[in-house]
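Chemist: Letter by letter, the chains look like this.
Number of protein chains: 4
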Amino acid sequence: MPSVAASDLATLLVSCSDRRGLVAALAQVLFGHGANIIDSDQHSDPSVKHFFQRIRFDIAELMTDRGTLERAIAEVAERFGMRYRLLYGHQKKRAVIFVSRYDHCLVDLLLRHRAGELGCDIPAIVSNHRDAESTALQFSIPFYHFAMDANRAEEQQERQLKLLGELKTDLVILARYMRVLPSSFIDGYKERIINIHHSFLPAFVGQKPYHRAYERGVKLIGATAHYATSELDEGPIIEQDVVRCSHRDQIDDLVRKGRDLEKVVLARAVRWHLDDRILVYGNKTVVFE
Amino acid sequence: MPSVAASDLATLLVSCSDRRGLVAALAQVLFGHGANIIDSDQHSDPSVKHFFQRIRFDIAELMTDRGTLERAIAEVAERFGMRYRLLYGHQKKRAVIFVSRYDHCLVDLLLRHRAGELGCDIPAIVSNHRDAESTALQFSIPFYHFAMDANRAEEQQERQLKLLGELKTDLVILARYMRVLPSSFIDGYKERIINIHHSFLPAFVGQKPYHRAYERGVKLIGATAHYATSELDEGPIIEQDVVRCSHRDQIDDLVRKGRDLEKVVLARAVRWHLDDRILVYGNKTVVFE
Amino acid sequence: MPSVAASDLATLLVSCSDRRGLVAALAQVLFGHGANIIDSDQHSDPSVKHFFQRIRFDIAELMTDRGTLERAIAEVAERFGMRYRLLYGHQKKRAVIFVSRYDHCLVDLLLRHRAGELGCDIPAIVSNHRDAESTALQFSIPFYHFAMDANRAEEQQERQLKLLGELKTDLVILARYMRVLPSSFIDGYKERIINIHHSFLPAFVGQKPYHRAYERGVKLIGATAHYATSELDEGPIIEQDVVRCSHRDQIDDLVRKGRDLEKVVLARAVRWHLDDRILVYGNKTVVFE
Amino acid sequence: MPSVAASDLATLLVSCSDRRGLVAALAQVLFGHGANIIDSDQHSDPSVKHFFQRIRFDIAELMTDRGTLERAIAEVAERFGMRYRLLYGHQKKRAVIFVSRYDHCLVDLLLRHRAGELGCDIPAIVSNHRDAESTALQFSIPFYHFAMDANRAEEQQERQLKLLGELKTDLVILARYMRVLPSSFIDGYKERIINIHHSFLPAFVGQKPYHRAYERGVKLIGATAHYATSELDEGPIIEQDVVRCSHRDQIDDLVRKGRDLEKVVLARAVRWHLDDRILVYGNKTVVFE
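Residue numbers (the working numbering), protein chains in the order written: chain A, 1 to 289; chain B, 1 to 289; chain C, 1 to 289; chain D, 1 to 289.
It is possible that part of the hints are untrue.
Straight-line distance between alpha carbons at most 20 Å, and here's what the computed EDC-like set of lysine to aspartate or glutamate pairs gives [what the hints assert, rightly or not]:
hint	chain 1	residue 1	chain 2	residue 2
1	A	257	D	275
2	D	284	D	61
3	B	49	D	61
4	B	284	A	275
5	C	257	B	289
6	A	284	B	249
7	A	284	B	252
8	C	49	A	39
9	D	257	A	289
10	B	208	B	231
11	B	49	D	39
12	A	49	C	61
13	A	257	B	45
14	D	208	D	233
15	D	49	B	39
16	C	190	C	231
17	C	284	D	215
18	B	49	A	253
19	B	93	B	234
20	D	92	D	166
21	C	257	B	231
22	D	49	B	41
Simulated from the structure, these hints should not be mistaken for laboratory data.
Excised from the complex, chain A in its bound form (with noise of 0.2 Å):
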């Protein structure tokens, strides 16, 4: 990445039919403009005809304004029906964080966070259980406890979203966080909840994925981070990643071994959402990364 300052970054995500003069048009009109292009990566799927494209370019030296370019590149979107995000980098986004018990992933993410790996705020953390309060103190960061009993869960579900409005949240990560959430809150955060799952999806759906692995007795286990969608552990797959495992691992060394992995899992695919690497088309992903 070159040595440009984040407020002078400005990323375009775009996505339509393919079809002659797509890159050109939207090279001529960010060229056109004074924007500079820095950085440029492309896919066509011939089995859909579809076309994605991430431009990363400097605006530092626009000759026009940001509005007028706006308007330009809505133009251009419209002319060849492209859906499309332009996104600027001095907009930090927001990521709120969800955690229920099992703690490593909330760590990992806040130690990047302070290590400056993700370039996000993190406005709260929230949780149905009180085990992360003091993790959360360490770091500063104002904590949320939504208890969940079975009579007011809805309820509470309801003070989540309310809670993520008013913090202004861009990205929701759901870092071990073991409630279903509802398609209300799904559907208002589409494509923008990231989920991290123990297992090597679609291996091992639902509960208790390294029970199931120690009992199927696999010779690799693995996490895979993905968008969560009203179907659960079905949504888009961000990464994946696995490790050997071997007849000598019980359940525990699963366990402990699957920590380190679902950490890296979720801290890249988080990475990328943040730098506006990700596509979504169909249930599929395009990462350019």
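Dock chains B, C and D against chain A, hints included.
Modeler: Quick look at chains B, C and D alone, frame taken from chain A:
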């Protein structure tokens, strides 16, 4: 592995309920007859309280004869309720390779065999197609074609079984053999049929796993070598591995990347089996690598 | 990769000092002539302020002719001080494979070639030994033997160079060729000779890397594919990979495990080169995977 | 690992010249005293004709006392010329962590310790800087700062040694400690100092390995955990791993990716050491995983 002549090597594979004194009893009986333990690996599974051991020993300076040693081992085995197998290094196993149309695993195994990687004889290649005939000829291995018309599949399978018997087959390798084997076949070669499945089981059980991996948008594809059982793709897993893929990979790319995986994973499983490194229990394997 | 006929595909590889307007200028010139960009990948290296791009485009509906397009590209290139290569899909590259005694990489490449994985012609196999002659025969590829007696090595190398010229060789693959090539040879095929070294360079430069890996007690062994330069094992690295080993692995085991690595690593590098995915700068490569 | 109380576990690590009867002799002496072998792993290195064994056994139902068992083992050891260590599960090892400015390995080890992954006590964190003091406080571990001005480095190192002695230190972990230790220090803790080096040794011995990896244009970066010896970065390797990188990775990216590697590789090495799984011979390790 030590520099002992293959003909002086013997391997004892043992499994039984875990209890005191097992290791000592086996070490003692071997030592007492002048056998020298070269390599010993052992595993106790606390969840099922089961014991597994593989002992490789040198019988060059046996103080008694093999028969006496065998009777002594049988006696210990009976005392402790052990299941065991005793295998001599001078007895090369006889492996028959089954293949359909895709021949990459077949060719890979034949090349490894020629390079001395696999210490076995290959008395036959069996196929339901004629595609591999010229390859068999090149490697000077007898080729048997069994056409599988719907109306005589059963008869052909019986002829196959008869052939395997005549060839004194120790191991059947399903190197991308695309026919389901009947139970009679599988029962006759329990824990002696190795299949390669082109997915990371239990993900994508069944047909066309690469197509389904593509549909699901996974970020890794896998291959699994397992012992065949009467439940398709459900047998004890011997070895698995994965390779990274991305949105750029079309199905053809997955197939190509997968070929390299399948070859390596199948070859490892076959080597371990031929080397008497695998013990099956329940639906799992202990692999003494 | 999209379903465009190979004969309609062209690839433009560009590198130059980084400056504004590069992406737009190239997109514009292609679009203006009716070429349709199918795939474009680009990289700016901030540390050396250098720009790299690979554009693959469809010329089926070119509004002008190739000559006109070529002149237009040349003009843009001159304006921006670009080094570039323009390659047409209908021109299959011609790759000559050099081998000594170990033939696993050779056989692997020939199998991949036969399976359609490598889009090239292989007009010759060259060796300083006769061992590979029968393999060449099997695959119906002309075999050239150049005995390398001390007193006529130089003369033989000149004859090799002459042969490469006559065969219109685009790429030389050193598939475990154990002779050092003279500078004259290397200079004539700059960035067109790919060598496989059986270690994770820069560890174990030079001879007998497996022996030295064994001595050092490493826990992973590696293989490296690189462009050959006049400094042995110091050329630009194209691809590397590793495999796990342990105290149980003797040198023979490392050699065996390494064979599988060498094959895969060399094949990847060759594929990328044939697919015009590699740009060299300084002593490094940009690989547009 | 079986469900035996830690206090009932003992581990015997043995190495000696290979000869007949070693396995039987050890099994016999343990069995004869009522110790139950739970796990036994053994290795014979044919190239140096050396024998290695790790036996983990349960002493809950010892028929004699520990002293008697110890004398019996000592006797066998003398008879066969064995070097051995006998370790009891109830004796938690005491590990002191040294750190300089980069604290990711330190924090990672402390989190693992808190999660129960490392069965040791951590009586102190030692540093030549004050950066890690607040982390030490957070985890309630005594922090010792030794300023390393050129004129009193020697004196400070002596004070460090004295402290280690007072703390009855079993293991020193150099978690990115950037000072070279004097021979006196290293000799006092032979095979008991674990260092993490941020490269795939023997590539990039010495300083700034990520910078040099970047310069060389490698496609994988690595990390190596090894026992410290008086020759820098030349000690016996315990564990190594790598992660893929590309032309897109600047030095900052390599440093970031490397952090994740360093943590995992160091943690594995420390776990194995604490678990008495490592035997050193020559300049290599046998790791009974």
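Chemist: Hint by hint, say whether it matches the structure.
Modeler: How the hints compare with the structure:
1. Taking the CA atoms of residue 257 of chain A and residue 275 of chain D, the gap is near 16 Å; set against the 20 Å cutoff, the hint holds.
2. Among the hinted pairs, residue 284 of chain D with residue 61 of chain D is inconsistent with the structure: their alpha-carbon atoms are about 36 Å apart, more than 20 Å.
3. The straight-line distance between the Cα atoms of residue 49 of chain B and residue 61 of chain D is roughly 18 Å, inside the 20 Å bound, and the hint therefore holds.
4. As the CA atoms of residue 284 of chain B and residue 275 of chain A are separated by approximately 42 Å, the hinted pair breaks the 20 Å bound.
5. Restraint check for residue 257 of chain C and residue 289 of chain B: the C-alpha separation of about 14 Å stays at or below 20 Å, so the hint holds.
6. Of the pairs offered as hints, the one joining residue 284 of chain A and residue 249 of chain B holds, with about 12 Å between alpha carbons and a cut-off of 20 Å not exceeded.
7. Restraint check: the Cα-Cα separation between residue 284 of chain A and residue 252 of chain B comes to about 18 Å, which is no more than 20 Å; the hinted pair holds.
8. For the hint linking residue 49 of chain C to residue 39 of chain A, the alpha-carbon distance of about 13 Å falls within 20 Å, and the restraint holds.
9. Between residue 257 of chain D and residue 289 of chain A the alpha-carbon distance is near 14 Å, which keeps this suggested pair within the 20 Å criterion.
10. For the hint pairing residue 208 of chain B with residue 231 of chain B, the CA-to-CA distance comes to about 17 Å; that is within 20 Å, so the pair holds.
11. Of the pairs offered as hints, the one joining residue 49 of chain B and residue 39 of chain D holds, with about 13 Å between alpha carbons and a cut-off of 20 Å not exceeded.
12. Under the criterion of a C-alpha separation no larger than 20 Å, the hint pairing residue 49 of chain A with residue 61 of chain C is consistent with the structure, at around 18 Å.
13. About 18 Å separates the Cα atoms of residue 257 of chain A and residue 45 of chain B, which keeps this hinted pair within 20 Å; it holds.
14. About 13 Å separates the Cα atoms of residue 208 of chain D and residue 233 of chain D, which keeps this hinted pair within 20 Å; it holds.
15. For the proposed pair residue 49 of chain D and residue 39 of chain B, the alpha carbon gap of about 13 Å is at most 20 Å, so the pair holds.
16. In summary, the hint linking residue 190 of chain C to residue 231 of chain C is supported, as the alpha carbons are separated by about 13 Å, within the 20 Å threshold.
17. Simply put, residue 284 of chain C and residue 215 of chain D have alpha-carbon atoms about 8 Å apart, close enough for the 20 Å limit, and the pair holds.
18. In summary, the hint linking residue 49 of chain B to residue 253 of chain A is supported, as the alpha carbons are separated by about 17 Å, within the 20 Å threshold.
19. At most 20 Å may separate the alpha-carbon atoms for a hinted pair to count; residue 93 of chain B and residue 234 of chain B exceed this at roughly 25 Å.
20. Between residue 92 of chain D and residue 166 of chain D the CA atoms are separated by roughly 16 Å; this keeps the pair inside 20 Å, and the hint holds.
21. At most 20 Å may separate the alpha-carbon atoms for a hinted pair to count; residue 257 of chain C and residue 231 of chain B exceed this at roughly 33 Å.
22. For a cut-off of 20 Å, the pair hint linking residue 49 of chain D to residue 41 of chain B stands: about 18 Å separates their Cα positions.
Hint compliance for this structure: hints 2, 4, 19, 21 are broken, all remaining hints hold.
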